[in-house]
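Residues per chain are reported as follows:
There are 2 protein chains.
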Amino acid sequence: MERARAVIPHGIWGHNRFPASYTPGEYPYFTERGEGAHVWDVDGNRYIDYLCAFGAMINGYANPVVDEAARAQAARGDCFAQPAAVGVELAEYLCSKILGAEWCAFSKSGSDATWTAVMIARAFTRRSDVVCVRGAFHGSHGWCNGCNPGEGRAREDAHAVHAVEWNDANDLERIFQERGDRIACVVTTPFHHPIPGRAALPSADFVRAIREVTDRHGAIHVVDDVRAGFRLDLRGSHAYFGLEPDLICFSKALANTHPLACVVGTDKVRRAAESIFTSGTFWKSAAPMAAALANLEFLPENDGLRTMMSLGQRLVDGLVRLGQRHSVPLEMTGPVTMPTMTIAGDVDQAQMRRFAVAMAEQGSLVHPSHNWFVSAAHRPADIEQTLGHADVALASLAPGGAARARP
Amino acid sequence: MERARAVIPHGIWGHNRFPASYTPGEYPYFTERGEGAHVWDVDGNRYIDYLCAFGAMINGYANPVVDEAARAQAARGDCFAQPAAVGVELAEYLCSKILGAEWCAFSKSGSDATWTAVMIARAFTRRSDVVCVRGAFHGSHGWCNGCNPGEGRAREDAHAVHAVEWNDANDLERIFQERGDRIACVVTTPFHHPIPGRAALPSADFVRAIREVTDRHGAIHVVDDVRAGFRLDLRGSHAYFGLEPDLICFSKALANTHPLACVVGTDKVRRAAESIFTSGTFWKSAAPMAAALANLEFLPENDGLRTMMSLGQRLVDGLVRLGQRHSVPLEMTGPVTMPTMTIAGDVDQAQMRRFAVAMAEQGSLVHPSHNWFVSAAHRPADIEQTLGHADVALASLAPGGAARARP
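Here the protein sequences come in this chain order: A and G.
Counted from 1, the first sequence has number 70 at position 70 by our numbering; the numbering is strictly sequential.
Counted from 1, the second sequence has number 1206 at position 206 by our numbering; the numbering is strictly sequential.
There may be inaccurate statements among the hints.
As the list claims (entries may be wrong) - So the derived label-pair ranges between C-beta atoms look like this:
#1 A:Ala6 / G:Val1065: 24 to 30 angstroms
#2 A:Gly44 / G:Pro1196: 52 to 58 angstroms
#3 A:Thr266 / G:Lys1268: 47 to 53 angstroms
#4 G:Ser1096 / A:Thr266: 48 to 54 angstroms
#5 A:Glu165 / G:Asn1302: 56 to 62 angstroms
#6 A:Ser96 / G:Met1001: 15 to 21 angstroms
#7 G:Lys1097 / A:Gln324: 54 to 60 angstroms
#8 G:Leu1099 / A:Arg208: 56 to 62 angstroms
#9 A:Gly44 / G:Arg1005: 50 to 56 angstroms
#10 A:Arg208 / G:Ala1085: 47 to 53 angstroms
#11 G:Gln1324 / A:Arg3: 52 to 58 angstroms
#12 G:Pro1064 / A:Asp391: 47 to 53 angstroms
What the hints assert, rightly or not - Not everything, but these chain A residues come out facing chain G in the computed CB check (under 10 angstroms):
#13 Phe30
#14 Gly87
#15 Ala101
#16 Leu365
Unchecked claim - Computed list of chain G residues with no C-beta within reach of chain A, every gap over 10 angstroms:
#17 Glu1026
#18 Gly1242
#19 Glu1301
#20 Ile1343
#21 Ser1369
#22 Val1392
No wet-lab data here; the hints were simulated from the structure.
We put the beta carbon where it would ideally sit given N, CA and C, even for glycine.
With the rest of the complex left out, here is chain A (with noise of 0.2 angstroms):
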């Protein structure tokens, strides 16, 4: 880390400094391997991985199938000035998986996809405004600063873009009363992560409502569904909930922690698709479209979506046990694939930042603000031992305990 610091601002670059830099010197900082739901610091340590790359890694790390797949591509080419013919094969399984999907569009991250989605939106519409959920992430780029601002993107970057409440089916109305005529798109995750905070589900209310209020304005429904995808339903996250965007954004899970992601749309918004200007050196690379194909292949046959659903479930429900019996107001929230832990009363995350800390040094890794995921590759005796470590981990943050487990 001091070598790192001296040539990388923070060390480490980008939101993947948290949690370490939280919790300096008590946190991994760098990663040496991998291997199913495990990986191994730089110092030698195992751990239980719930971060799971940030939601890329759904079928464990250095998957034989899914790497060998990637392999054999890239020794006969990978990127090239014209595309490979696998991303024909992707989009082909893409179109026949995806709930709605009639087309695809491939590009390299889950910021790449949702700005593209915007961009056709607003083709489709000839309308510049955007919508989406208070809190709500959509990537790096300068039109999120709407929901989600930072330091550095200017404040007019944002000047088409207006938040509403999640859930809040009024708060969506008004805003089209407002200026409907203006509006090209309503952006939405399918059920609501903050950072932090706790995730919140969809009503069947807003699920109406936003399919209802875009059709009678004419306005375009984008679901980003880059963290959640394939961890709720192989047809998408819009199909567990039963959204029914125009437009559909995925990336992460999608090739198993290979770099890809990709729009799908209807063919309503086809030729507006066909008519924008976007461009990426990488998009056409062909090594993670052969990744993606084995990875969303591999999920079913494993029964995958399954065993994250049971594990996800064992974890979610030992975790509350546990808070109850340490009197620890602990609340899991958002779907078992992905929880959410928070504590009530934790303003600042001190609490959870103390909580993670404690399970890294036994051997869990979870994130102190972030949702969690569950992957296909963890294992019952993984969700038992990180079970362990939380009430090791629960009895330090109970009343007194600290006391107790921090001399």
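Take the given structure of chain A and dock chain G to it, following the hints.
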């Protein structure tokens, strides 16, 4: 292509559909494999490639040294929540080689890098406006709209972006007189490579003016070396032209087709870099970083820059001679390692498209409206063969030649 059109907008997504879409059926659509400076399309045709994955290939496709470094790192681990140590080594390497670099921040694409640089400049200056050069391409984010408009970006995305003319020190002075107290940065490429159009090297006057006017007004100079990086000077193209930027963006050739980008900067802007929020799931992937280290070491070990310079000169000189022989008023502009070919009076590039198609038919891939790339994997025999192809292609463009060549 028929299958592709059913599931992908245009069948090929992004700008790489050009030149295929310019000349339907007369240009290869999909690449099967690559080796050295050669690519094979899915129909088995071999081409000498001067597209070089739009610059990402510099040491040859399927370079065994670079690809083995990536494979070895990927076998240990690629993308985790926390970065791998190889990123620290690569940052140290870049800081030791790139003129002026004192820190390094990684991301995935040239667009990521230029936007990161703009955010850092805004954080440093606490101002929002950006000055760039008319016709310059800095990626596909919304802010670039100011220099290079496109469908789907709201005009207002570029509200704070102002274009000046290349090599026009007076125009630069004018914009700073008008709103110098609001300008965060001047973003330029090391030389001007608009699409379409002739390339232009920077005048000594313009080089001096950029540094002088940004210093006088407390603004930052960002060099976007995404396209030219490592094809002019291994210390960065700014070193080649005498530019003295605060921030420099690299991608493309950095890791020889493996997806990686970075911003390097001086200590002056390090704290500003630490103050911005930005993030990307795949930005910390380790395999492309191992590839970059191997790639950047391979270049000088094999005298790659000298190879590119000497072969590029041979190509350019040969084309100029052939133009004279066939009375085609062609012009070769830009550095010889990334030459741009234009034909006087060819306003809509119709002649250049005919030239590119005639070249492809014989086995040389060149671009009708974008600069070409020479790589360190090209061989003298490739250049000679390509000049032979150009002899035939130019004959067909010569006065009365079209009838002869296309019965």
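Structure versus earlier hints - violations, ascending order: none
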